[in-house]
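Asks: Sequence:
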Amino acid sequence: MNSSTTLEACRSAVAYIEMCHRENTPLNIPDSCIKCDLLNGTEIREGDFIRLHGNSVPRTADVVFIVEAKNCNKDLKNRKNFNTVIESINQELLQLNITNNRYAVVVFGGSGVFNAPRSIVLNSKTFTDYISVMDYLQFPVGNGNSDIYRAIIFANKLMFRPGASRNLVLLPCSQCDEDNMQHDYATVHQVLFESSASLHILLNNSFTVNSPDMKKKENRIPYGIDINKAYTKKDVKKLDGDQVLRNSISFSKSSLGCFSLALETNGTVFSSKYLEADKNAKKFAEVFAKRLAYSAVPRDCTDCECTSLQNGLSYIECTPCTYLRSNVESHPSSMKVDRMVGILSRIKVASLTNFHSL
1 MNSSTTLEAC RSAVAYIEMC HRENTPLNIP DSCIKCDLLN GTEIREGDFI
51 RLHGNSVPRT ADVVFIVEAK NCNKDLKNRK NFNTVIESIN QELLQLNITN
101 NRYAVVVFGG SGVFNAPRSI VLNSKTFTDY ISVMDYLQFP VGNGNSDIYR
151 AIIFANKLMF RPGASRNLVL LPCSQCDEDN MQHDYATVHQ VLFESSASLH
201 ILLNNSFTVN SPDMKKKENR IPYGIDINKA YTKKDVKKLD GDQVLRNSIS
251 FSKSSLGCFS LALETNGTVF SSKYLEADKN AKKFAEVFAK RLAYSAVPRD
301 CTDCECTSLQ NGLSYIECTP CTYLRSNVES HPSSMKVDRM VGILSRIKVA
351 SLTNFHSL
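Per UniProt numbering, the very first residue in the sequence shown carries number 1; after that it's consecutive.
Don't read these hints as lab results, they were simulated from the structure. All C-beta atoms in this analysis are idealised placements derived from N, C-alpha and C, irrespective of residue type, glycine included.
Straight line, CA to CA, 30 angstroms or less: simulated DSS-like cross-link-like pairs of lysine-lysine:
#  : residue 1 : residue 2
1  : 273       : 233
2  : 282       : 238
3  : 282       : 237
4  : 77        : 237
5  : 234       : 273
6  : 125       : 282
7  : 74        : 233
8  : 283       : 237
9  : 282       : 234
10 : 282       : 233
11 : 157       : 125
12 : 125       : 35
13 : 77        : 233
14 : 233       : 279
15 : 279       : 237
16 : 77        : 157
17 : 77        : 125
18 : 273       : 77
19 : 74        : 125
Label pairs and their in silico Cβ distance ranges:
#  : residue 1 : residue 2 : range
20 : 301       : 8         : 36 to 46 angstroms
21 : 140       : 99        : 33 to 43 angstroms
22 : 301       : 96        : 13 to 23 angstroms
23 : 8         : 175       : 53 to 63 angstroms
24 : 125       : 40        : 15 to 25 angstroms
25 : 8         : 309       : 18 to 28 angstroms
26 : 26        : 240       : 51 to 61 angstroms
27 : 20        : 140       : 37 to 47 angstroms
28 : 187       : 307       : 15 to 25 angstroms
29 : 12        : 43        : 16 to 26 angstroms
30 : 237       : 37        : 37 to 47 angstroms
Sequences and hints are given; from them, build the entire structure.
Replies: Right, here's the structure in full:
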């Protein structure tokens with residue numbers, strides 16, 4: 001059969017399978033109807049494997065903003081200069097030759113339909129470019145649930161592209177209290193680790209600096225931290241970081257879970273308070289964006305397989321060729337975390353990408 005005839009036959013098969021499913025008679029779509037597309041245009045069939053390594057790995061990033069739809073995140077563009085953040089992220093990614101980047105928004109914790117986690121979709125698109133994503137950040141706020149972990153897991157299930165780096169940016173309003181969570185810390189940690197996702201948190205408050213000497217120095221006011229260093233306005237031109245300042249920063253007990261998830265995934269914790277004043281917003285955004293871009297470089301090697309769901313939707317499932325150990329173990333000044341998750345010897349990483357129905 002030619003391609004047109006094959007497509008028509010597969011569409012008929014999908015329609016027949018759907019009818020059988022309604023009668024509680026599940027059937028699988030024929031293997032010949034399942035195809036997946038890589039970003040370079042390569043087409044692979046169901047069950048086929050392909051290794052992306054070196055120059056074949058797409059140098060691109062998928063960024064998802066996870067926003068708690070409560071008052072602290074109302075009108076992000078005007079109250080927190082968030083357009084500056086997005087522009088800075090895209091610019092810093094381009095500086096590292098990370099191009100064709102996509103952005104998406106997941107909201108949770110609002111009222112009505114915005115209570116449970118949901119992705120914002122405009123013009124039938126979940127992901128968009130950096131120019132259009134500000135339109136996705138316009139949503140009503142409310143007073144719904146505070147289940148941050150559930151929102152993270154939901155965001156991690158979006159249709160990411162094979163080989164693209166996976167970057168989650170959380171904007172919480174609530175405390176990271178596990179009593180409010182459907183999932184436990186270990187589950188969320190494993191999900192992020194398996195998918196090689198980096199979590200970045202933009203807090204709605206400032207850091208506590210324990211050293212009196214540090215508090216007196218304006219140029220050492222922390223914008224944010226990662227597991228090794230703190231970052232200030234001095235890092236706006238070159239991202240050097242400050243280990244001494246990092247060691248003087250403490251955290252509330254209620255924040256440890258979310259903070260640990262970020263720091264153990266090569267992510268960061270920054271204070272969005274500095275976005276509220278126009279004089280600080282640009283420098284802060286540039287420093288945050290530099291550090292996000294640093295961890296947004298895609299992995300050097302990824303193994304991918306074309307597979308499908310029972311309804312005929314195809315997707316690519318990707319697995320890192322090697323698994324890195326959690327970097328929290330190698331840094332003596334990091335937070336003490338009792339609930340460390342062991343490294344798994346073999347893990348499948350589900351990258352639900354390039355979904356399409358025939």
